[in-house]
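Engineer: What follows is each chain in one-letter form.
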Amino acid sequence: MTDLAWIDAALSSARPQALAALLRYFRDLDTAEEAFQEACLRALKSWPENGPPRDPAAWLIMVARNSAIDAARRRSRQVALPAEEVVSDLDDTETALAERLDDAHYRDDILRLLFICCHPDLPVTQQIALALRVVSGLSVKEIARAFLVNEAAMEQRITRAKRHVASSRVPFETPGAIERAERFAAVAAMIYLLFNEGYSASGGEAHVRALLCDEAIRLCRLLLRLFQSEPEIMGLTALLLLQHARAPARLDADGAIVLLEDQDRGLWDRTMIAEGLALIDKAMRHRRPGPYQVQAAIAALHVQAARPEETDWAQIDLLYGALEQLQPSPVVTLNRAVAVAKVRGPEAALAMIEPLAEPLSGYFHFFGVKGGLLMQLGRTAEARTAFDRAIALARTAAEAAHIRMHLDRLVGDSAPRGPARATS
Amino acid sequence: MQYAILCYHSEDVVCSWTKEEDAAVMTKLEAVMGGLAKVGKLGPVARLMPTTAATTLRKSQEPPVVLDGPFAETKEQLLGFYVVDCQALDEALEIARDLARCNPGGAYEIRPISYFQPGVAKT
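Chains as they are written, first to last, in this note's numbering: chain A, 32 to 455; chain B, 14 to 136.
Derived from the structure by calculation, the hints contain no laboratory data.
Keep in mind that the hints are not guaranteed to be accurate.
[Said to hold, decoys possible] Think about it this way: if two alpha-carbon atoms lie no more than 25 Å apart in a straight line, the pair counts; the simulated DSS-like pairs of lysine-lysine are:
no.	chain 1	residue 1	chain 2	residue 2
1	B	Lys88	A	Lys76
2	B	Lys32	A	Lys172
3	A	Lys193	A	Lys172
4	B	Lys54	B	Lys135
5	B	Lys41	B	Lys51
[Said to hold, decoys possible] Here are some chain B residues the structure puts well away from chain A; computed CB gaps all over 12 Å:
no.	residue
6	Glu43
7	Gly48
8	Pro57
9	Thr69
10	Lys72
11	Ser73
12	Glu75
13	Leu91
14	Ile126
From the three backbone atoms N, C-alpha and C, an ideal C-beta is built for every residue, glycine too.
The following block holds chain B by itself, in its conformation from the complex (with noise of 0.2 Å):
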């Protein structure tokens, strides 16, 4: 079963970090990524822009609204998201605390992916 982490962190918080605390972050998350990859785990991962740079588009009327923002305004934010293969729930949210490890504050919300398709454009 693969699942999707989704990351939700205060976005004033991340912001605020220095660059090199973000880089700290990132550099223990490498590590625990770089041990998913290993094993054949690990998916898709993703770290989203500020929602300052997000737009939704409205679609419950035609024609849809475009709105600058993101869709919901929360206290904490959808930052960004990885997707692994695991067995089973337990084991996605071994994952989770692995990760939480080295980026504590926020939340994950584990989410099982239903249709997946990995595909073909080049960042």
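Chain A with its partners taken away, still in its complex shape (with noise of 0.2 Å):
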């Protein structure tokens, strides 16, 4: 790797601690990005001729905030400080920085960065894209790129996003462990979500969206090596690592979705799959399970068997269960009825989503599965009109082309063969 390349890795990783760090002191979002970024110029200047600081982050938090200093003074025509004293005789207060945040609340101040852009008055993609840039550091350009709109339009979301999020106050103080908690849930929702606005892609769009699940995960770690004993952390950042380990099988040449039980194992992630495994371990001694958890333990039970056959659906018809308990929702009702339909057979899978048809008659995948489980029960006619229903509601082309190929199965092939999960 060239000087450059690490020295951008650095930065990157910097950024959170350092804007978090920012934000606090200056307590506004522009004011701190900016400082930041005339920080990031200088380091660029002056970390190729001396060497790396020991500490970059305490480097860009001190630099920063004495540009941003140096900058108010000078426009408030007062005499400046000379730029280069500011930078040369940084080594002693680096260390004494260095040791003050690692006192401070560094851990509260990151989360904050991070709870600010879930502004529950934001709509989940402004977060998502709010977070992208602030947090992540990502360039509009690419993250207009990842949603899949032009550069004009997503910066206009975000730029309106930050002008709400300056004005709601969200507090300075230390978090108490309530509000503590729920910053947390909110920020573990946004990162689920940015996750699957990634995971969701098909088609031609889904390598450019994979960056979304890559800047997901680092953000989930990146919570998790701030609060190491939350189990729930632990959970998503699993469920996370075990959905993104089968990513590399999820779709055909043709960029088609290719289903779970079709999918080639040999081609997932097992470096993924094995730190995912070892989270969740972590996370059950907790004896705190919540809907990451349980989700990231219905993952590890399909990524740990090495046939499709071999999956342990009555464990994990168990667990849908536990979830329906935690977190009840007609979706988790309908994925259960698909685990269901293994044990039990179809029938009674058919009798579980009944209750469905009302909260999820605009639902994609409800008709999938209905369609699916009429199929192999050999109801020909209701299964199309089913299926019919399902390509109506398609949000995607490839959506539709894989109903399609079970349509086209009710007319070639007299062998009952349905869709065996709502999900891939």
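If you follow the hints, you should be able to join the two separate chains into one complex; please do so.
Structural biologist: Now the structure itself:
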């Protein structure tokens, strides 16, 4: 790796901590971002000559703070500090600051930085875009590409979100236990949605959107490193790793979705799977189950089966049952029905999803699963009606194509076979 | 004498490498390891999962306490190690320099090994 690539990596990994500290100091996101930007420019000048500092984040915070104060003084027409002095005599102050940083509540600083991006008034897409811009430091261009919108539209979206955040008052005091738990939940939900934005992509767009999954995992690891003993954050990190591990097998050469049972398991990323399983192991020790842990456990059962037939559907059924208790939702019940079909047969599963017809009347997967179950029971005409409805509700071409494949089988293939899972 | 070469690097930085960057570093390291293996100097090598996967057993009290996370929260984390068989420190340092050229940033701690048990566990 070249010098510059290393500096780039160091700057982007120091960003959340540095920006979070600057936000607490200036209490204004724009000022904090500008100051950080200025510090990065100076780092690019100074680090190749003087070597990287012992603590890049501390260096950046110090330089950013001084340059912002400097700029403010210049604006108020007072005598400016000589910039060189600020940068050159840094070693001792850096050490002192680094020590203070360790003592300070930098964990809560970063959590706050993430949390302000999750303001409940902001639509989800704006929350995610803001987090990618502010915390991950992606360029507007990169974010626009990942969201498949043009740059100007994304710029506007982020500006609007920032304005909103600036007018809302997130307290800067150290949060209490309840407040912290609320912040966790909001941030975790945002990270999960960010991941799903990337994960649900298919076709030609899948490649650019995979970036969103990588960023979600990075943010999740960051959160877990700050709060090492939170079982739900372990669960979420594990869940994302186990899902992402299957990414190389999820789409075929044409970008069409490959169902879990048809995926080439040899393509799954074993390193990610091992890390995900290790995290579930750690989380379980706490005996504080939560929705992310349960979902991670379900994903773990899928990736641990060497062949689809070896999947422990009975255990998956039980886990979905637990998830229904923790987080009741028709979609969870629908997913459970898929496991029930494997354990107790399609009839039992069909009975289970019957009450979901109303709440899920506009949900693509409901009709996909229903059609599959009817097909297994040989109720071809009803299956076709359900599949037709699914195609009408499909959000992507890949989803529609997938259902059409089942319709074709209905016509051409007498052996009953249906979509095994609501999702891949 | 056997030496452990303990690899310290910022996990944030290493975790932010793309798959391709990571693979490129590993390929270069494997070339160095291949050379060492050929002359019979390479012992076990391990790359550790991120510290978020770590658990610590604090045994300074009875009963010991289990804590999530690595033993020490440091700016650079122990991310892996090599065991190499060398005549003297100079040679171990030379090997560390070769490895460093493939993977700049961070630090290698070269520590002589006083007891070594190759073990039998299959990975």
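Engineer: Next, verify each hint and record whether it holds.
Structural biologist: These are the hints, each one checked on the structure:
no., hint, verdict
1, B:Lys88 x A:Lys76, "holds, 23 Å"
2, B:Lys32 x A:Lys172, "holds, 22 Å"
3, A:Lys193 x A:Lys172, "holds, 17 Å"
4, B:Lys54 x B:Lys135, "holds, 21 Å"
5, B:Lys41 x B:Lys51, "holds, 16 Å"
6, Glu43, "holds, 15 Å"
7, Gly48, "holds, 21 Å"
8, Pro57, "holds, 18 Å"
9, Thr69, "violated, 9 Å"
10, Lys72, "holds, 17 Å"
11, Ser73, "holds, 19 Å"
12, Glu75, "holds, 20 Å"
13, Leu91, "holds, 14 Å"
14, Ile126, "holds, 27 Å"
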